[in-house]
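Novice: Got chain A sorted already, so can you dock chains B and C onto it with the hints?
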Amino acid sequence: MIDAQSSSGIVVADGLIKQFGRFAALRGVTAQFAAGKLYVIVGDNGAGKTTFLRTVAGLAPQTHGKISVLGSSKIKNVRAQIGYMAHPSLLYDEMTGIENLSYFAGLYGLPLSRCREVMAAVKLDPDLERPIGQYSQGMRQRMSLARAILNDPKLLLLDEPFSNVDLRSAHEMVGLLAQMRDRGKTLFVVTHQPGLLESIADEFVWMEAGKITRRTPHLQVPQ
Amino acid sequence: MRRGFTLLALATALLLSFALYEALIAAPTEQTMGDVQRIFYYHVPSAWTAFVLFLINFVSSIVYLIRRNPKADILALVSAEVGVVFCTVVIVTGPIWARPVWGIWWAPGDIRLTTTLVLWLIYISYLILRRMSTGGRTPVIAAVVAIFGALDVPLVYFSIWFFRTQHPSPVIGGGGSLDPRMAHVLLINWAAFLCLAWLLSWVRCELEVATRRVDEAQALESLRESSR
Amino acid sequence: MSFFAITRATLAKDIRLEWRSKDAINAMLFFGLLVVVIFSFAFDPTAEESRRIAGGLIWVAFLFAAVVALNQTWARELRNQVLDAYRVSPAAANPLFLAKALGNFIFVCVLEALMTPLFIAFYKLRALGPAWELAPIALLGTWALVINGTFFAAISLRTRSREIMLPLLLFPISIPALLGMVNATTAVLSGEESAWFWIALLLAYDVVFTTVSLLLFELVLEAE
Chain A
1 MIDAQSSSGI VVADGLIKQF GRFAALRGVT AQFAAGKLYV IVGDNGAGKT
51 TFLRTVAGLA PQTHGKISVL GSSKIKNVRA QIGYMAHPSL LYDEMTGIEN
101 LSYFAGLYGL PLSRCREVMA AVKLDPDLER PIGQYSQGMR QRMSLARAIL
151 NDPKLLLLDE PFSNVDLRSA HEMVGLLAQM RDRGKTLFVV THQPGLLESI
201 ADEFVWMEAG KITRRTPHLQ VPQ
Chain B
224 MRRGFTLLAL ATALLLSFAL YEALIAAPTE QTMGDVQRIF YYHVPSAWTA
274 FVLFLINFVS SIVYLIRRNP KADILALVSA EVGVVFCTVV IVTGPIWARP
324 VWGIWWAPGD IRLTTTLVLW LIYISYLILR RMSTGGRTPV IAAVVAIFGA
374 LDVPLVYFSI WFFRTQHPSP VIGGGGSLDP RMAHVLLINW AAFLCLAWLL
424 SWVRCELEVA TRRVDEAQAL ESLRESSR
Chain C
452 MSFFAITRAT LAKDIRLEWR SKDAINAMLF FGLLVVVIFS FAFDPTAEES
502 RRIAGGLIWV AFLFAAVVAL NQTWARELRN QVLDAYRVSP AAANPLFLAK
552 ALGNFIFVCV LEALMTPLFI AFYKLRALGP AWELAPIALL GTWALVINGT
602 FFAAISLRTR SREIMLPLLL FPISIPALLG MVNATTAVLS GEESAWFWIA
652 LLLAYDVVFT TVSLLLFELV LEAE
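Protein chains in written order, with our numbering: chain A, 1 to 223; chain B, 224 to 451; chain C, 452 to 675.
Hints listed in this document are in silico derivations from the structure and should not be mistaken for laboratory results.
In this text the structure is predicted, and so the values were computed from the model without any measurement.
You may find that some hints are simply not true.
[As the list claims (entries may be wrong)] Sample of chain B residues with no beta-carbon within 10 Å of chain A, all distances over it, derived:
1. Leu243
2. Tyr244
3. Ile262
4. Leu288
5. Arg290
6. Pro323
7. Leu344
8. Phe385
9. Phe386
10. Leu410
11. Gln441
[Stated by the list, open to error] Each computed DSSO-like pair below joins lysine-lysine, with the alpha-carbon atoms no more than 30 Å apart:
12. A:Lys37 with A:Lys154
13. A:Lys123 with A:Lys37
14. A:Lys74 with B:Lys294
15. A:Lys76 with A:Lys37
16. B:Lys294 with A:Lys66
17. A:Lys66 with A:Lys154
18. A:Lys154 with A:Lys76
19. A:Lys123 with A:Lys154
20. B:Lys294 with A:Lys154
Beta carbons are placed, not taken as given, at the ideal position from N, Cα and C, and that holds for glycine.
Bound-form chain A, shown alone (with noise of 0.2 Å):
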């Protein structure tokens, strides 16, 4: 079966432009990618990442332009297919690791088990009784991973999932990203470590103030 999604991508943006007042931190971005594919993003702070990844998770609505997501360009209508992992944790600190996923697995209508499930998967003691306050940050980023991956979305949107966080977690993160592309996934990372991705990454998005300016299929310095 060819579905719209496989012959024109699984992301395809047209001429998007991002407007916040008085600056502009998507300058006409047109791009296509497809499905089943880890693009890791990369580019100068101010380049509009961050942006370009919000709005493709239906946070940031572009001012101009067309964006369609999964086959749709009403990404409200596709959002329990896709995950979000921002800079910052998206967790309540004040409450354990279970304690928050069991409150998001409600949103999207999942069973608890799910939640001990992901927590297992970034290798987190689901019965640690600590609220998230009081974790260190690599245990906090793999909760936050562990959060965006809660509804096994197809589309994986993460934001510097590695800041901060020790080698070994990094390592263990990455392993655990290369086996949902092999599962069919679409992941799009944006990270200041692209050395980190350079062995399981499909492709290399440049960004650079507000558009995309190069892809290339292996990590190289741009001259």
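Specialist: Same frame as chain A, now just chains B and C:
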């Protein structure tokens, strides 16, 4: 476009001068209140004009939420701004009239004056919100607040209506019928004020369109600079 | 998951978080106490006078205390940007709004329950009219403050200096509700006239603004 504007400006100037003559000289002097009653020719048309503008604000806010057309947002902003100007005229002229006629500056039980005051407060807070909100989200939340404000008006009216029946106040009722000559002057003044409101809104709209165009260009330009 | 299940889960989550952190409740209760005490110094009426002005005093005090509480509504959702986690989920916007409004309602009711006996003690209040009518007045009046307060607190999130923005938006719109609460309370305390017109007005206000809030909240949540 330019010609239409010049014509409107001329018509407004003529109408306003004619209305001024009519109100101050041609209209008959009111028997009990005397000349102070003439402020009525400014007070009432300003109120009507402000209400028309607030109605435009309400309608264009709804239109914006449905169509997401920036023009509707600009119209909402401009009608609220000009409406507040006319509403201010109402609130200033009201007490000037009330003091010699009723013997007090402000009648808290007077339904029309108090409703207008609440309206004025609501639209000022609307304009402050527009000023304070950040990023590209201003039009949506402003439109939402405009709808809340407009729906509040009938509730304000009824609450003050009942408040008044409890607290008797020196309100002159609408009992006496208006002298046809006075009604005539009143309508001429209203026409002049509507033209003035239209003219002001026109200028303000053009200014807003230009401001937004500059902002948008600057937004894109600033990024190009930073990329170098 | 259904509308009410999400509302319940969100409300339970908020109460649990408040219970653990006690961010707002302690400060708020103390604030309520302070308002009553300061009012008692500022106004020192006879029993007869106090019956006439108490309706106004009580509700203005509640309004101030409520604004401080309402400003905390969304603070928890802003820390770590948790609100985004809700926004990317398929859950509808309204259960979140309703949960927040109910949470604030409970919160402000607790506050009022604490402040009312103090007012009665300081002002030697005794109702001459049917005192049971104060219950629907308090419930409807509190909901009137809370429903718009929760909504405008969400709007203020999208502005600079949001703490000051909330009262600027809330007070003008609340004027008819405030007239309703104050006059209904005074009517009951003085026993001179019926409070039912004002109760009907409060009911109309509550119905209108609950409906509009539920219709428009999604637009506010999605605005960015």
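Novice: When the structure is checked against the list of hints, which entries are broken? Sort them ascending.
Specialist: Of the numbered hints given earlier, those the structure breaks are 11, 20, listed in rising order.
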